[in-house]
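Construct the complete structure from the given sequences, taking the supplied hints into account.
Listed in order, the protein sequences are those of chains A and B. The letter at position 24 of the first sequence is residue 24 when you use my numbering, and the numbering goes up by one with no holes. The letter at position 119 of the second sequence is residue 119 when you use my numbering, and the numbering goes up by one with no holes.
By construction, these hints were calculated from the structure, which means they are not laboratory data. Check before you lean on any hint, since a few could be wrong.
Taking lysine-lysine and the DSSO-like style, the derived pairs with C-alpha atoms no more than 30 angstroms apart in a straight line are [as the list claims (entries may be wrong)]:
1) B/119 - A/119
2) B/85 - A/429
3) A/200 - B/200
4) B/429 - A/85
5) A/85 - B/84
6) B/430 - A/43
7) A/85 - B/435
8) A/84 - A/68
9) A/43 - B/429
10) B/159 - B/43
11) B/435 - A/43
12) B/85 - B/43
13) A/429 - B/84
14) A/430 - B/84
15) A/430 - B/85
16) B/68 - B/200
17) A/435 - B/85
18) B/84 - A/435
19) A/84 - B/429
20) A/430 - B/43
21) B/85 - B/159
22) A/435 - B/43
23) B/435 - A/84
24) A/435 - A/119
25) A/159 - A/85
26) B/43 - A/429
27) B/200 - B/156
28) A/84 - B/430
2 protein chains.
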Amino acid sequence: MNAPEASVLRDTILAAKAAGLILAGLSSPQRQALLADLSAAFKDPQIQTAIIAGNRLDLDLAREAEQKGELASALVNRLSIDAKKIATLCDGLLQMSRAPEVVGQQLTNRLLDDNLVLKRITCPLGVLGVVFEARPDALVQITGLALKSGNAVILKGGKEALNTNRVLTVVIHNVLSAHNIDTRAVVLIEDREGVAELLKQNDLVDLMIARGSSQFVHYVRDNTSIPVMAHADGICHLYLHSDADSSKAERIAVDSKTSYPAACNTVETLLWDVNAAVAADAAINALLGANVQVRGCEATRARHPQILAATETDWDTEYGELIISVKQVANLDEALAHIARHGSRHTESIITQDQAAADRFLAEVDAACCFHNASTRFSDGYRFGLGAEVGISTDKLHARGPVGVEGLVTYRWLLSGNGQITTEYGEGKKSFLHKDL
Amino acid sequence: MNAPEASVLRDTILAAKAAGLILAGLSSPQRQALLADLSAAFKDPQIQTAIIAGNRLDLDLAREAEQKGELASALVNRLSIDAKKIATLCDGLLQMSRAPEVVGQQLTNRLLDDNLVLKRITCPLGVLGVVFEARPDALVQITGLALKSGNAVILKGGKEALNTNRVLTVVIHNVLSAHNIDTRAVVLIEDREGVAELLKQNDLVDLMIARGSSQFVHYVRDNTSIPVMAHADGICHLYLHSDADSSKAERIAVDSKTSYPAACNTVETLLWDVNAAVAADAAINALLGANVQVRGCEATRARHPQILAATETDWDTEYGELIISVKQVANLDEALAHIARHGSRHTESIITQDQAAADRFLAEVDAACCFHNASTRFSDGYRFGLGAEVGISTDKLHARGPVGVEGLVTYRWLLSGNGQITTEYGEGKKSFLHKDL
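Below, the structure is given as structure tokens:
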């Protein structure tokens, strides 16, 4: 193996990998206690005061930047952390503490032959690299998920949250120390150079989780040979079938587009069946009423002359803001073809009262999440009941769609024998039993 | 999306993708019948005659090349197909026909709220690209696995087997036709240019399976953005612990090294504990007796002066032939450290009568397969009871170790509602039920 050059960060990650072995080897009660104690630490009033003080430094800088127009207000809101947000984090950590174990779970227990037993047991991936937006609560959630899954974690949060992240990391390190776990199991990287260095450690880091802008995710994918799990592009569609209920169309269109336009599970294109004009009109009027910029195909503009004309590039665009493209399609076939060509395999939803059409849509659309009469915004780990989520994957291998703690483990095959060799088996010799125990 | 340029192969793969939808939608009885009929077709004496005639063309060319020294004898043996090998293939296909379904299996069934049901259902990956060695039986096994998992498959076998592969593909196509399935669900590529073209189709091909030399696997990984599942390097170790049984050490060392030296699950380095000299001597003498070239560290050569000296590069070398490197280690810690540094996360085995040492080895070694008192050669889909295998993966994400048909499926999240939107939920509003059904 051609190991990357030595560096301070590389030494830290080597230590993290060793500390990860301790995390992997924790018993279930030890892991529960660790997460419960982490929850308790964040409940401590003095600790909360320290966190909020750190956060104030970040917020002051952010508000200055906001006034200069260098930072969006939404980002400032996400950056702030208060007693209420901390209480939510404490609840989350306590839930993780109590949730079923994901490490050391037996997936296979098979007798291959007398005294030759094969087990398949879940285990942590090892070392996670996580680069995420300037949202301090994300640091705590991600660390909780890493500890639950027995992984060491190298964290790099958005630079605007640095002061808050430093305080949070100290709290986490103190709890790790109290459990005799090397604090380097959780490492905070503070600068961009660290990320570039991290991406080179393909022999030490087992999974990179990249959150943030689509541009950033592409940067990560293009600059590492470490497997990447990412919120990549989310080009989601809402298809109003000929048998769509107008009121559902209207409600779901508005929720899917406006409840959080920057999220990857937001709808970008509304497809309407030529026989769903009434539902389409209702949805379009509701979107316009909710201050959404609507860009339509010719058939759509024939009914709504006031809207802008969509161009071919609109069908491949993730707006990330209050803009939606609208296109008329001849039928379900054409809707499926449009989604197959332009969708990003994230979330696709059909609005219809026709169960057969819904069944076909759910069976044929090649996406992580396929919905019927529901908002695309349900595509979310919390809403799916996975607890916290590390992200939504549009890849097909390993975890798909919203990824919870189960996506952070792998398994190993363990075989215990008493001296068996393979040349004993075969035609005219011993046979395998292959008996599941 | 920037789709690759149009080409004849691209059109074929587009057709394969569409045909894959038919495969994905087959009912369980239909899929069983398809595989059973494929098995029956290969039992037909006329078809067997045609296959063997095609194979004779390949064998004649191969033997010419062998006489010129251009082709290894082992390759010629693997290339040949006879009535006995065909009978084994028929059995395998019939077993696949009868094995439990892997498509359409429900993994989650959760009530998120009244009339809002989330299911997670297994589904095929879509289109598989498989590049494999000149072994005609591999073509049939891989096709069987693809059909069982509902995937279309683009096949490229070693060029030495081209005539045989053509006949086999015709047989498969005839069975697909009889089931009204577009024959382009199974595509045979005949030239290297086709492989280069295939690797570009990242928007159509969901998984590349690369079998063959380590060099070839690296070529595939370096030349595609399609996820690759591969037999990559297999640098497997056998560690003789201080409490190793000499007879087991001897038997397992010889089986692990000599039963198929070119396989990835073959042992490359024997580590022996300073307190396991007797077992080490037994193993080394047995290896030498089996015509294995032994390359030792200084401590090993002190006991066996006739053997060659190992250099640092030996610890990172996959020989693929009857050569083994041997190194003395101070204890279990040093063995674990050597494996962590030089192993390829494939298969590692400890020989010991000490259960505590075995437990620690099985718990701490970071490899797909961790064995105790068993040959590394057990690392194999058939021996593990997975039925046929598509390969052995040394990656940690998705399937790990020997990969059977379960590694060829993914899942989708299907949500069925009656108009729910996300802004209805939250503090002071509706709550999720998250009740598993």
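For each hint, the structure was consulted:
Of the pairs offered as hints, the one joining residue 119 of chain B and residue 119 of chain A holds, with about 28 angstroms between alpha carbons and a cut-off of 30 angstroms not exceeded. A threshold of 30 angstroms between alpha carbons decides the hint, and for residue 85 of chain B with residue 429 of chain A the separation of about 18 angstroms falls inside it, so the pair holds. About 25 angstroms separates the Cα atoms of residue 200 of chain A and residue 200 of chain B, which keeps this hinted pair within 30 angstroms; it holds. Only pairs whose Cα atoms come within 30 angstroms are accepted, and residue 429 of chain B paired with residue 85 of chain A is accepted, the gap being roughly 18 angstroms.
Among the hinted pairs, residue 85 of chain A with residue 84 of chain B is inconsistent with the structure: their alpha-carbon atoms are about 68 angstroms apart, more than 30 angstroms. With a C-alpha separation of about 27 angstroms, the suggested pairing of residue 430 of chain B with residue 43 of chain A holds against the 30 angstroms cut-off. At roughly 26 angstroms between alpha-carbon atoms, residue 85 of chain A and residue 435 of chain B fall within 30 angstroms of each other, so this suggested pair holds. For the hint linking residue 84 of chain A to residue 68 of chain A, the alpha-carbon distance of about 29 angstroms falls within 30 angstroms, and the restraint holds.
With a CA separation close to 26 angstroms, the supplied pair residue 43 of chain A and residue 429 of chain B stays within the 30 angstroms bound. The straight-line distance between the Cα atoms of residue 159 of chain B and residue 43 of chain B is roughly 25 angstroms, inside the 30 angstroms bound, and the hint therefore holds. Straight-line distance between C-alpha atoms of residue 435 of chain B and residue 43 of chain A comes to about 29 angstroms, which keeps the hinted pair within the 30 angstroms bound. Of the supplied pair hints, the one linking residue 85 of chain B and residue 43 of chain B holds, its CA atoms being roughly 11 angstroms apart against a limit of 30 angstroms.
Restraint check: the Cα-Cα separation between residue 429 of chain A and residue 84 of chain B comes to about 17 angstroms, which is no more than 30 angstroms; the hinted pair holds. The suggested pairing of residue 430 of chain A with residue 84 of chain B holds, with an alpha-carbon distance near 19 angstroms, which does not exceed 30 angstroms. Proposed proximity of residue 430 of chain A and residue 85 of chain B is supported: the alpha carbons are some 20 angstroms apart, at most 30 angstroms. Between residue 68 of chain B and residue 200 of chain B the alpha-carbon distance is near 36 angstroms, which puts this suggested pair outside the 30 angstroms criterion.
For the hint linking residue 435 of chain A to residue 85 of chain B, the alpha-carbon distance of about 26 angstroms falls within 30 angstroms, and the restraint holds. Taking the CA atoms of residue 84 of chain B and residue 435 of chain A, the gap is about 27 angstroms. The hint holds against a cut of 30 angstroms. A distance of roughly 17 angstroms separates the Cα atoms of residue 84 of chain A and residue 429 of chain B; the hinted pair therefore holds under the 30 angstroms criterion. About 27 angstroms separates the Cα atoms of residue 430 of chain A and residue 43 of chain B, which keeps this hinted pair within 30 angstroms; it holds.
Distance check on the hinted pair: residue 85 of chain B and residue 159 of chain B sit about 20 angstroms apart at the alpha-carbon level, within 30 angstroms; holds. Restraint check: the Cα-Cα separation between residue 435 of chain A and residue 43 of chain B comes to about 29 angstroms, which is no more than 30 angstroms; the hinted pair holds. As the CA atoms of residue 435 of chain B and residue 84 of chain A are separated by approximately 27 angstroms, the hinted pair is consistent with the 30 angstroms bound. Under the criterion of a C-alpha separation no larger than 30 angstroms, the hint pairing residue 435 of chain A with residue 119 of chain A is consistent with the structure, at around 12 angstroms.
Taken as a hint, the residue 159 of chain A and residue 85 of chain A pair is honoured in the structure, with Cα atoms around 20 angstroms apart against an allowance of 30 angstroms. Using a Cα cut-off of 30 angstroms, the hinted pair residue 43 of chain B and residue 429 of chain A holds, with the two alpha carbons roughly 25 angstroms apart. Pair hint residue 200 of chain B plus residue 156 of chain B holds up; C-alpha atoms about 15 angstroms apart against a cutoff of 30 angstroms. Restraint check for residue 84 of chain A and residue 430 of chain B: the C-alpha separation of about 19 angstroms stays at or below 30 angstroms, so the hint holds.
Hints 5, 16 from the list above are not met by this structure, while the remaining hints are.
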